[in-house]
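Take the sequences, apply the hints, and build the full model.
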Amino acid sequence: MFNRAYRKIKKLLKQNKQAGSGDGAGSAGQQPLAADLGRNIQELRSIFERCSDVVMRQLVINGEPPVDAFLVYIDGMVDVHLISDHVMRALQMNPALVPRNQRLTGPDAFSKIKDSFIGVVGIKTTSDMQQLVRQVVYGDAGLLIDGVAAAMVINARQWESRTVEESNTEPVVRGPRDGFTEKLRTNTTLVRRRIKSHRLKMENYKIGQLTQTDVVVAYIDGIANDKVVEEVRRRLKRIKIDGILESGYIEELIEDQPYSIFPQVNVTERPDKLAANLLEGYVAIMVDNTPVTLIVPVTVPFLLQSSEDYYNRYLYAIFVRMLRFLALNIALLLPSLYIAITTYHQEMLPTLLFISIASQREGMPFPAFVEALFMETVFEILREAGIRLPRQIGQAVSIVGALVIGDAAVKAGLVSPAIVMVVALTAIASFTIPNYSASFSIRILRFPIMVLAAILGLFGIMTALMVILYHLCSLRSFGVPYLSPLAPINFHDMQDTIIRMPRWSMFQRPQLVAYKDPRRMSRGQKPGPGRQDKGDRGDA
Amino acid sequence: MLEGGRVNNRQAALILPFLAVMPTAVLFVPAITAIFAKQNGWLSLLVVATVFGLLVALVAVKLGLRFPGQTVVEYAPEILGPYLGKLVGAGFVFWFIHLDAVIIREYSAFLMTAFMPETPQVVFAVFQALLAVIAVRGGLEVICRAGEWVFVVFILSLVIILGLVVHDADFTELLPVLENGVKPVIHGGLTPSAFRGEVVLMLMLLPYINQPQKTLKYLFASVILMGITLAQATVVATSEFGIMTESLTFPLFSLARFISVFGFIERLESLILIMWVAGVSVKVAVFYYVAALGAAQLFNLKDYRPVALPIGVILAAWSVSLFEDSREVVEWLIISFPPYAHTFQLLIPSLLLLVAVLRKKGGTENGG
Amino acid sequence: MEVKRTLGLLLALSLLLIPGGCWSRDEIEKLSIVKAVGLDLVNIGGRAKWQVSHSIIQPANMGHQAGQQGGGQGQKPEWLVVGLGDTIREAERNNSTRNPRRDYLDHLFIYVVGEKVAREGMHIVIGTWMREPGFRLRPWLLVAEGQAMDILAAEPELERTLASEIAGIIENGLPVVSKGYALPFKDFALQLATPGQDAVAARVELSKPRGGEQPAAGGPEADRKAVRINGMAVFRKDRLAGWMKDRETLGYLYVIGEVREAMIPLKLPWYRRDDVSISMTGSRSKIKARVEGGRVTMFIDIVAEGELAEVVETNEIANPDTIDLVERELAREIRSLAEDSIRQAQQEFRADIFGFGHRLRKVNPGAWKAMEENWYDIYPTVEVVLNVKTTVRGTGMTVNTPGIR
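From first to last, the protein sequence lines stand for chains A, B and C.
With the working numbering applied, the first sequence covers 1 to 540.
With the working numbering applied, the second sequence covers 1001 to 1368.
With the working numbering applied, the third sequence covers 2001 to 2405.
These are computed hints drawn from the structure, not numbers from a lab.
Mixed in with the good hints there might be a few duds.
Within a straight-line C-alpha distance of at most 16 Å, the following computed EDC-like cross-link-like pairs (lysine to aspartate or glutamate) qualify [to be verified]:
hint : chain 1 : residue 1 : chain 2 : residue 2
1    : C       : 2225      : C       : 2159
2    : C       : 2286      : B       : 1170
3    : C       : 2369      : B       : 1179
Next comes the structure, spelled out in structure tokens:
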């Protein structure tokens, strides 16, 4: 019953949407420009009515005879110096200084202006009013000339943006300090500067009927899996939405399994990480106005990987990754283990620890589960507060708050000291997860596991872990099994999971992602005295 | 086809049968063999049960290869005619469901005795069944993938137990060999061989393996690996507990309880044995899966997922009402289980194979 | 939609589970940690009753909370609860009428069995305790000379609790002196269950405090009692047959090759006065059984190593010839220790504590089968051939004892 009603409503809504989608700004039909400048000006003024940031400038070109022209652009989105120096000055030049054969006369004035007067590289023409308007809102300047039913679109885009600086969410000790900014072009440049190859493709899409957000799909032709690229294109084209303000919008709209708690898209703010992923055959989705770039497909080892692992020597990288793996388990399981062990499996504690915990807990008002739940919640609140507060205060609050509240709770006899230690350790451990969005899943999952541990002890924890395992096994990200290369086991791809093999031994790209062109470097590059000439010199 | 996925031999013929036999076998078998074979229990496990397991594997794979892309429920009517064939198919489905209920019961009996005596059995049954539902709805690929890691965890738990107690084991407790002749050894091998024969699952899984010609090799390896692992566990248990092995309900569990290294690595049996929960969950899931698949094929359904949940409810309820007490489980395993299991593991498949050969049904290629 | 339905189902199921949940749950502070169990048979009104004593830890008094809550440093961290009952488990459970917390046996260190229980037969005890799921096989089993309850009522001298004190003596004290031999519960039970093998267990007794002088009579320390573990309780089948003294215990340990460290005093015939001590550092033994014409002979090879630890004479001792002589004397001493032990076991207790029968069964099951019925008649007549080999490896940090001039 309910189902049927729901489906009916959905159908109705769909029809409605289709009917309404006609009047979106992006999908308007053609509307040719008029030859008469006056009419065009009138039209433009009515389009940009109540748009106080649109600059419309009428000017006269010093031709023989002088020609009327009209310049339109949005203040703040164009380089005013460029416009004044290379457009205005050129147009208003004293005709006496111009050689006779180049004087602006007659019908070829338009092309003359375009080809020889304006000193700007990016210049296009259009004869469509809607196209002109679209370009103008994009930050181009439009130049109309009387008597010509066309307009020049001058690319003088420049707007205020943050400079390239180090990413806050993914800091490294060793490695480049540049991070993506809000400006798409800067971001693509940062990547292109790292991969100077024509094989690095960047396909452009505009998504969002009102926001007209630029989305670039970047991949390396011949390495990336065509199926994945095609799937990305298909899913991006499916998106019909009024606006995209952050890459998170896209992420949620292209996921494989929207009900899953695990992120199915990897994100980064680091161009070096993105470039490395592109080289391995991954596909990137860069979105304008956000420094956060999406990478697909994603497999579960990314939980442990930081770009720094590849810059430090491999032994250190292995050590650090194992440490992170341990921390990941602590962050996920420690509070539940504490609950399960102190309430069900006390025998697992060494006798002295048993006695110590028992003496701490003597006279405590709440069971261990409530204690743990309380402290975990407090810590999550503190962490959230630390992010929301102004940056300078934030850190102080989270550290001092944790110390003070933990200590006060113990002193007040609310919780036992052991649980404060457990919760603090859990919180610290969860900070080691390099991937920000993945750490959310871990933090959320902690709570249901705690509940199961309180009901069924270790059996509950194991049940929860098995549910997670089955779920992860059934997940796919753009056709690639989420747990690969761990399950199905692919021993070759294990080279870069919990461990990271030395670079000279990882001469192949991950097989599951880049099966087309697996060769990364030639074999036998293990360095050592007298080994320089060995090995085949294949081109990677 | 009902199952879209394809799995490879390592997953489905080596690891899956291992996990479909070991998790409960390792709990019950060492004590049961010790009752008959005393200190020679390891021989029952290493030789008698393995030979039986290899036979079952051989018949099951040969039979399956004659009908590529079909499960036993699908080709039984081809061999025996529609009525008798459907009956055999239904028999197998019943057998899988019943056995699965027994598995859940066995493991709940263990958990209740060992960890949580006050917890009602239905809780464990419901949780195990729920876990299995999740796995089964994911399909064979999901079970196989999860199985690969559960296999690692399971082996790890065994290695930890055996490795940590072996330092104070007295291997002379295995003497004298064959004190009372071969008979008790064979008698002791009956129940373990019924466990080992559970590789007959391959009748249902073979069509979904991507290289069925090589399956037999992997399946043999799996059976032999089970033999070695169980024999090892029994050897260590016997050398640790000697003559007491037969009077312990769960010898390997007692071994785990006995671990003590450096004075502080001790009493960790909960942690280690909880790892077995993973193993049992895969075991339950495999039987559950073949039961659901078989039921769907029996009734010519397009998808087995709709039958999954009802079977789960049957499983949870049946496992609770199957036996009165935990001793009854062991009695059943000793007395009724071997003939009951051997019928479906060896007798029926052999008859099917025989009739198929005589009536020249199915392809004649016998694996390359 | 499908996912929503599944979620709904899961939610309904979890709702079913939560209110009835938390079955086997015990908050850690609601458990009473039993560190030692004592078992006695007592006569009450002419009826034999089991008496189970639990030595329970009071965590707050253990002094773990440095500074906080003032922790009762002065208070006893142990509490002895004694219960009576018709069966062992009932007596144990009857403790709970006085115990505000739930008994928790997983952290048990020791079992002490009273002498009377041991004389009545151990099989009831073994059977009962092994059935209990919370029961472990690791803890040490000791037999008390007298009542087990009295032992558990004694006070620890160095450790905070008596159980740790006893466990400490067994784990750290006995291996260096080898005058007592404690077995974990499992090994004891295995010895009882194995055909052709009789059991031994550690013997524990009350003694005066080990301090130097005797406390003044009537003073607060006068009736203070401490425990001492030495010698062995020897069982025949499952009944206590008698006690072995230090000397025979050492001999027993040499026969089964379990001497880790020991100090053996020797009287050297060529010295005018005083002894030497040999610090023994290890031993191995091999026991072989042979049957000839219905007669069983056991061949026992003992290999022992030691080091000179104490020499009173200042004469030269550190030359190879003298060392050889010392070795020979040492071998003679160990042989006599072993012989004493075997004689006592064979003739006095008639208990096969060396497992001669068990070893015979392993190598010659046929012969064993023939003898199994009357093994206890055959056992005292078993001939034992001892072969002792000793090595004195060195003279310690000095060569000869420096003379006083």
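Status of the hints after comparison with the structure:
no.: 1; hint: C/2225 <-> C/2159; verdict: holds (14 Å)
no.: 2; hint: C/2286 <-> B/1170; verdict: holds (14 Å)
no.: 3; hint: C/2369 <-> B/1179; verdict: holds (10 Å)
Of the numbered hints given earlier, the model fails none.
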